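The listed protein sequences derive, respectively, from chains A and B.
The letter at position 36 of the first sequence is residue 36 when you use the numbering used here, and the numbering goes up by one with no holes.
The letter at position 2 of the second sequence is residue 2 when you use the numbering used here, and the numbering goes up by one with no holes.
The reader is advised that the hints may include incorrect statements.
[What the hints assert, rightly or not] Cβ-to-Cβ under 8 Å is the rule here; a few derived chain A residues that face chain B:
no.: 1; residue: G42
no.: 2; residue: L43
no.: 3; residue: F90
no.: 4; residue: R98
no.: 5; residue: F102
no.: 6; residue: G103
[Unchecked claim] Over 10 Å on every C-beta distance to chain A, these chain B residues come out as not near it, computed from the model:
no.: 7; residue: V13
no.: 8; residue: A19
no.: 9; residue: L46
no.: 10; residue: R61
no.: 11; residue: T109
[Said to hold, decoys possible] List of simulated lysine-lysine pairs, DSSO-like, C-alpha gap at most 27 Å:
no.: 12; chain 1: A; residue 1: K9; chain 2: B; residue 2: K42
no.: 13; chain 1: A; residue 1: K14; chain 2: A; residue 2: K71
no.: 14; chain 1: B; residue 1: K58; chain 2: B; residue 2: K71
no.: 15; chain 1: B; residue 1: K37; chain 2: A; residue 2: K14
no.: 16; chain 1: A; residue 1: K71; chain 2: A; residue 2: K9
no.: 17; chain 1: A; residue 1: K71; chain 2: B; residue 2: K42
no.: 18; chain 1: A; residue 1: K57; chain 2: B; residue 2: K58
no.: 19; chain 1: A; residue 1: K9; chain 2: B; residue 2: K37
no.: 20; chain 1: B; residue 1: K57; chain 2: B; residue 2: K68
These are computed hints drawn from the structure, not numbers from a lab.
Everything numeric in this text was worked out from a predicted model, so none of it was measured.
Virtual Cβ for every residue (Gly too), placed ideally from N, Cα, C.
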Amino acid sequence: NAGVTQTPKFQVLKTGQSMTLQCAQDMNHNSMYWYRQDPGMGLRLIYYSASEGTTDKGEVPNGYNVSRLNKREFSLRLESAAPSQTSVYFCASSEALRVTAFGSGTRLTVV
Amino acid sequence: GENVEQHPSTLSVQEGDSAVIKCTYSDSASNYFPWYKQELGKGPQLIIDIRSNVGEKKDQRIAVTLNKTAKHFSLHITETQPEDSAVYFCAASINTGNQFYFGTGTSLTVIP
C-alpha cells in the first residue's frame, strides 16, 4: 500500500521551461490536491479535484494547470516556469474532506 | 478567505515536558481543524483532528482543544519524546468545501 506517490522528487528547471508533476494514490480517495510549501508560509492550495472529472482553483493557481486523469491520478503542469515557482510541491488525497495522505514532495528549483 | 495564525514558530522543550501549540482562525464558518506533523524530507502526516461540535479530543499523548467563541484551537503533547521533534501545522476548513487553510508551522525540538 503505497499511499500517495509523487514524481519526480527533485527537479531543476530553467526559466520558461515546462514540466508536469505526477501524482497517484491507491486509496480510492475521491478528492486530490496540489499544495506548495514555501518557508514561513505553510502550505497553500494550488488546485484541487473533488472527484474524477472536476478541478477547481485554490488559493494560488496562477501559472499552473492540472489534469485529473482518472480517480487515481492528478497531475500539475507548469507551462512556463518562473523563479517564483521555486518551492516544494505536495500532492494529497482525502475522503470525506479529511486530508489524511500526503506524498513525499517534489522539490522544484527554477533558475 | 480564512486566515490561520499559528504560534510559536519555534518551540524547544525538555524530554518529558509538555508542549502546546496555538492557532487562531478568522472565519466563523470553519468547522474542521486538523493537525499535521511533518518530519524532515517527508510530507505532512495527519495526527489528530477535531470538528466544531466537540471541545476536546485526545489520542494517547496528543490532545486538541477548540474554543469556537474565541476562534482558537490548540495542540497539546504530553510526556514529549525526541521522536516528537518535527514541524507541526494546524489547518482550518469549512466542511462544505475543499479549501484547507494552513498555519505557518511550529518547529518543535525535544531535547533529550
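Hint check:
no., hint, result
1, G42, "holds, 4 Å"
2, L43, "holds, 4 Å"
3, F90, "holds, 5 Å"
4, R98, "holds, 7 Å"
5, F102, "holds, 3 Å"
6, G103, "holds, 5 Å"
7, V13, "holds, 22 Å"
8, A19, "holds, 19 Å"
9, L46, "violated, 5 Å"
10, R61, "holds, 20 Å"
11, T109, "holds, 17 Å"
12, K9(A) / K42(B), "holds, 11 Å"
13, K14(A) / K71(A), "violated, 32 Å"
14, K58(B) / K71(B), "holds, 19 Å"
15, K37(B) / K14(A), "violated, 32 Å"
16, K71(A) / K9(A), "holds, 22 Å"
17, K71(A) / K42(B), "holds, 24 Å"
18, K57(A) / K58(B), "violated, 34 Å"
19, K9(A) / K37(B), "holds, 20 Å"
20, K57(B) / K68(B), "holds, 14 Å"
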